[in-house]
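*Asks:* Chains as they are written, first to last, in the numbering used here: chain A, 305 to 627; chain B, 305 to 627; chain C, 305 to 627; chain D, 602 to 698; chain E, 602 to 698; chain F, 602 to 698.
To be clear, the hints were calculated from the coordinates, so they are not data collected in a lab.
From the three backbone atoms N, C-alpha and C, an ideal C-beta is built for every residue, glycine too.
Among the hints, a few may not be true.
Straight-line alpha carbon distances no greater than 20 Å define the calculated PhoX-like cross-link-like pairs of lysine-lysine that follow [claimed, not checked]:
1. C:Lys332 to E:Lys622
2. A:Lys343 to D:Lys682
3. A:Lys332 to F:Lys622
4. E:Lys622 to D:Lys619
Chain F is nowhere near these chain E residues, computed Cβ spacing over 10 Å in every case [stated by the list, open to error]:
5. Arg607
6. Leu621
7. Asp625
8. Ala627
9. Lys641
10. Lys669
11. Ile674
12. Arg678
13. Gln683
14. Ala693
Sample of chain A residues lacking proximity to chain D, with all beta carbon distances greater than 12 Å (derived) [said to hold, decoys possible]:
15. Leu588
16. Pro595
17. Ile612
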Amino acid sequence: MDFNLLIGNFLNPPILFFFLGLLAVFAKSDLEIPSPIPKILSLYLLFAIGLKGGVGIAAGGFQTQIVITLGAATVMASVVPLYAFFILRRKLSVANAAAIAATYGSISAVTFITAAAFLEKLSIPYGGYMVAAMALMESPAIIIAVLLYRLSSANESGTAFSWRELWRDAFFNGSVFLIMGSLVIGVLSGEAGAKALKPFTSDIFTGVLCFFLLDMGIVAAKRLGDLKRAGVFLTAFGILLPLANAAVAIPLAFALGLSQGDAFLFTILCASASYIAVPAAMRLSIPEANPSLYVPMSLAITFPFNIIAGMPLYLAVINRIWS
Amino acid sequence: MDFNLLIGNFLNPPILFFFLGLLAVFAKSDLEIPSPIPKILSLYLLFAIGLKGGVGIAAGGFQTQIVITLGAATVMASVVPLYAFFILRRKLSVANAAAIAATYGSISAVTFITAAAFLEKLSIPYGGYMVAAMALMESPAIIIAVLLYRLSSANESGTAFSWRELWRDAFFNGSVFLIMGSLVIGVLSGEAGAKALKPFTSDIFTGVLCFFLLDMGIVAAKRLGDLKRAGVFLTAFGILLPLANAAVAIPLAFALGLSQGDAFLFTILCASASYIAVPAAMRLSIPEANPSLYVPMSLAITFPFNIIAGMPLYLAVINRIWS
Amino acid sequence: MDFNLLIGNFLNPPILFFFLGLLAVFAKSDLEIPSPIPKILSLYLLFAIGLKGGVGIAAGGFQTQIVITLGAATVMASVVPLYAFFILRRKLSVANAAAIAATYGSISAVTFITAAAFLEKLSIPYGGYMVAAMALMESPAIIIAVLLYRLSSANESGTAFSWRELWRDAFFNGSVFLIMGSLVIGVLSGEAGAKALKPFTSDIFTGVLCFFLLDMGIVAAKRLGDLKRAGVFLTAFGILLPLANAAVAIPLAFALGLSQGDAFLFTILCASASYIAVPAAMRLSIPEANPSLYVPMSLAITFPFNIIAGMPLYLAVINRIWS
Amino acid sequence: MMPVKRIEIIVDELEMPKVLKLLDDAGVSGYTVIKDATGKGDRGLRGGDDLTGVFANSYVLTACPSEKVDLIIESIRPILKQRGGVCLVSDAQWIVH
Amino acid sequence: MMPVKRIEIIVDELEMPKVLKLLDDAGVSGYTVIKDATGKGDRGLRGGDDLTGVFANSYVLTACPSEKVDLIIESIRPILKQRGGVCLVSDAQWIVH
Amino acid sequence: MMPVKRIEIIVDELEMPKVLKLLDDAGVSGYTVIKDATGKGDRGLRGGDDLTGVFANSYVLTACPSEKVDLIIESIRPILKQRGGVCLVSDAQWIVH
Ligand SMILES: Nc1ncnc2c1ncn2[C@@H]1O[C@H](COP(=O)(O)O)[C@@H](O)[C@H]1O
Ligand SMILES: Nc1ncnc2c1ncn2[C@@H]1O[C@H](COP(=O)(O)O)[C@@H](O)[C@H]1O
Ligand SMILES: Nc1ncnc2c1ncn2[C@@H]1O[C@H](COP(=O)(O)O)[C@@H](O)[C@H]1O
Ligand code: NA
Ligand code: NA
Ligand code: NA
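If we strip away everything but chain A, and leave its shape as in the complex, we get (with noise of 0.2 Å):
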């Protein structure tokens, strides 16, 4: 692979914060990032990815290129998930199987805006649809997830289920709602609200990412100790899988002609884990299914294996195939 985009990604001051928060928990620093702050820092950055999305698609128009990749973008979100379930059961419980299974079948918006950030350092363009396929591709797997584990298992324990609850769950949690709106009002405010917002969704955001990866790291750091009871199996699962999605998106977005750019965050979305929407909606419509499993696995294994390593390795292959 090429090893200039693995420097190159190294020297990028998000993922040196990255760094820096990992090596905060292991020296033992007592840094922080207080809560609620970390929670407003990612409302910005939804915020201000749908932004610029959504100016992006005003810009561009409507172009059926959109409409070939959110179609692929769902079968994505709704294949990985199967696959993973049916992997995942040989060893787990159905309970813990359909939620990591939910984990990697959505996305990561994190990883996604990271991705994005990286392109622009490396001034490859995108559309602005890809912001949209990111939160097509957040709920499916959380429907998909529910539904096997609702088969599959006898169990109707306790309270009694709300199909919907999930469905809002799925569909209107905060953070997908959040880049949803924010997308939809970048394609109706468009270059005007676009050109007043500037300085605060573009000019800004890449400082916010620091902060925003420099809590990441401490926080993955510290759920690395989880890792232990996860085991050799889910931890091996937790970088294998999204090798695997890669292989499949970077063909498919071959053969769907996507640019080199959209097929990059393509690839991005279907590597990449959930650590926020799944987990809440995992508590309420699978509350068997053991959080210090799931989250780990995709905060402290997935993330930092595809903003490291598999950034710089996808767009290697991808630059390789596209030229």
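Starting from the known structure of chain A, arrange chains B, C, D, E and F with the ligands on it as the hints suggest.
*Replies:* Just chains B, C, D, E and F with the ligands now, with coordinates in the frame of chain A:
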């Protein structure tokens, strides 16, 4: 009225984010801006508008126009609570009538700020001293309402009452104090200071305002429920009184020879209702008054009405008359 | 001394906001920056100054000047707590003397940052390595003070004492860690990284500093009360020791051939007192020491003195000598 | 002063709305909630991880007449069973005002 | 161990300073305050609305010798009467150190 | 319902990790922590000054069988002695689920 204004206002990102906030609650999304972020955002907005105003005054220098405007502001801020009180007395207890009168006699800084952003979007100029007018209009209604309350109610129940405390709440409460302070600092530090602060106070301003209005939308929607308690009379009052105040303010502004921008802001100030300074003061000075009447009235009726329909309406009328 | 400097400093927005904070408390206003915002603002300031310094170093490249400066910084940071301790012992218990010695031997990052902003306002250049000097000067005083305390007090009471813990508190506490980390990241990412981060770390910097100093003013004013307990001796100490340190630092800086900007920052570092890193460390390592002595001394006396009178004074003297 | 039972319930933040609803249905005169209580129990450390929001508890205190206690306990027991949590009952005097 | 009375008071955040002053005047050895407790009672839901600041409660716990209880109750009762709130008294053992 | 002892401990935030460790060592089944409790005591006002972080307390509640109480008390007493703080013990019923 001028529909382009209405549409233009609709497509204004801050307004769109206010709608998104409303929508989030209606769609039962769990989207929320965690405490204490809304508080710090509003501090930022007061800080920024205060500085902007101060720099504007420093640039403009002293004009009799300023004295006239501030005089008119003080008069309106003292007259409105009086007549509001006597209207409200027909249906409400002394305590509630006085508290609501204070609410509508005082002003809403965020409405003012949204209106100022609206003017800047239309590149209509306004005087920095309008910010001073805003600060001036926050307090008198509080004093007057408490006077009305204590005169027309024999009740000297329970805990002792301290005029000093009331005075302090009225003139030194956090928001008034920060606006006034930033205004003075803006005047003192002038151009030099302004330049150093511009990226923080101006460039990212619209973005922060969007974020804040997103939260305003959420809070307003949550308070809508309380309106059942308020009933038809108070709901109508929440729309008709602003219109009445505007109907007084616009001719007055014209008679006093204010510029269109100043007249618009003057009108919005008279039409707006407080939901920060006044509720805080009322709880201490008129504890018998019911906050779940006056808070939702200003937050869930008058604020949305003013920024959605009021702003374009008032401006359209002003354009008619001035031209 | 040069009164223009004094006035110029007075009219500097950050200083004005510090006064506004003091005033808010004196006027009994309820203005306050809600927790945890002050903490995140200070993290931002450390983050930004660290990056700025790192980029500066990367740009400047290696110079023997750097080694000399850092050496001098370390020496001063080790000598000051020693002589401070023996002065304080005449009046105070070992525990309190050691804790206060640590407070004055270490540094205040915010004082440094305010001083750096002051230089930038006067467009006097300074070396990025001064940030490294600041980070270096934070820790030694902590170690030395605890050594003095444990040597001159037989007390080995109660809970066991761990040097590893102390070492960690001294060198890996949140603030030191973040400055150092950002500094290194600034060096690694260099120009490219700097450009991407500039809007966040430089453009909005002054604005955030104003906000932070507003809070510092509030906190300082609230702590003024504790000074009664501190008494005349410690109050005087809080002003005279910084002056003494400056009187040593300035000639030393001149002898070492530092530039005026570097000399000024070096002086401010020696004259400043810690109120974040040290109190945290002291509570753990010298619990017998009374925080309501050393915290208000640095926060309510030395900090205001340095940023209001100290900065222009030191700079005036330096201008005299260097020219 | 009126003798009452002090019921303290600590559950996953996400369960709190359900618990409060059950308290309302049981007809308590009121309750007090303290959000983001962290803790440790059979289901491990609940550090109140702010990023994922998972692992946060909430604490609720309600004072009610002793005859209501059994009703309340029975109604919340299923939640405690399924999602874990703690419920403590103690005696107190309510200051009637 | 020393038997003491545990007094818990929940009132509107704005009233808390007055309550604490009254506790001081009553000569309690100390108290512990937990800010932003939300809740529900006769005066409706107190959601702790962060924007307006209205509707937020505060919780205070003080442990004191039983002979102080009546004095404290009498002194805070007017506040509870006028502004609402709750006061609970229970028994506890204070660990003397 | 199972009779248990309710142990409440209020100490300097910085001491809390030690206290929790001692509770674990004493083998309690769990505990609940409420951070940033402010307060007042022999060592003066603890306003929870957010800037310096000094002066903030933490509150921990643990319910345990009465036979554990003495062990817990003895293990935390040195901390209370040296750094101040409060420890209250009261009776409660644990709802077994
Ligand atoms: N013995 C205990 N005393 C106080 N709080 C407890 C205790 N056990 C559990 N908790 C609280 O209840 C939450 C859930 O407990 P569990 O369901 O046992 O994991 C924990 O996170 C603690 O906050
Ligand atoms: N039965 C209760 N148990 C616990 N807390 C209560 C109870 N009733 C009221 N409260 C608290 O006291 C506050 C004021 O009560 P009230 O004056 O009845 O509205 C409420 O917002 C609750 O936080
Ligand atoms: N009598 C009391 N009742 C409740 N809390 C107390 C009491 N005395 C002290 N505290 C709490 O314990 C902390 C430390 O107490 P002290 O060591 O006496 O300063 C105080 O800051 C309070 O939060
Ligand atoms: Na995925
Ligand atoms: Na008004
Ligand atoms: Na120093």
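*Asks:* Look at each hint and say if it fits the structure.
*Replies:* Taking the hints in turn, this is what the structure says about them:
Restraint check for C:Lys332 and E:Lys622: satisfied, since their Cα atoms lie roughly 17 Å apart, inside the 20 Å limit. Of the supplied pair hints, the one linking A:Lys343 and D:Lys682 is violated, its CA atoms being roughly 30 Å apart against a limit of 20 Å. In summary, the hint linking A:Lys332 to F:Lys622 is supported, as the alpha carbons are separated by about 17 Å, within the 20 Å threshold. Note on E:Lys622 and D:Lys619: the hinted pairing is violated, with a Cα-Cα distance of about 37 Å set against a maximum of 20 Å.
With a minimum CB-CB distance of about 6 Å to chain F, E:Arg607 fails to clear the 10 Å threshold, and the non-interface call is violated. The claim that E:Leu621 lies off the interface is violated: its Cβ sits roughly 8 Å from the closest Cβ of chain F, which falls inside the 10 Å cut-off. The Cβ of E:Asp625 sits about 8 Å from the closest Cβ of chain F, inside the 10 Å cut-off, so the non-interface label is violated. Here E:Ala627 stays apart from chain F, with its beta-carbon at least about 13 Å from theirs, past the 10 Å limit.
E:Lys641, annotated as away from the interface, keeps every beta carbon of chain F farther than 10 Å; the closest lies near 19 Å. With a minimum CB-CB distance of about 15 Å to chain F, E:Lys669 clears the 10 Å threshold, and the non-interface call stands. The non-interface label for E:Ile674 is consistent with chain F: the shortest C-beta to C-beta separation is roughly 19 Å, beyond 10 Å. Distance check on E:Arg678: its Cβ is at least 22 Å (rounded) from any Cβ of chain F, clearing the 10 Å threshold; non-interface status holds.
Look at E:Gln683: its CB is around 25 Å from the nearest CB on chain F, clear of 10 Å, so calling it non-interface holds up. Listed as outside the interface, E:Ala693 is inconsistent with that label: its C-beta sits roughly 4 Å from the nearest C-beta of chain F, within the 10 Å cut-off. For A:Leu588, the condition that its CB be more than 12 Å from all CB atoms of chain D is violated, with the nearest at approximately 6 Å. A beta-carbon of chain D comes within 12 Å of the beta-carbon of A:Pro595; the shortest separation is about 5 Å.
Interface exclusion of A:Ile612 from chain D stands, the closest Cβ pair being 18 Å apart, more than 12 Å.
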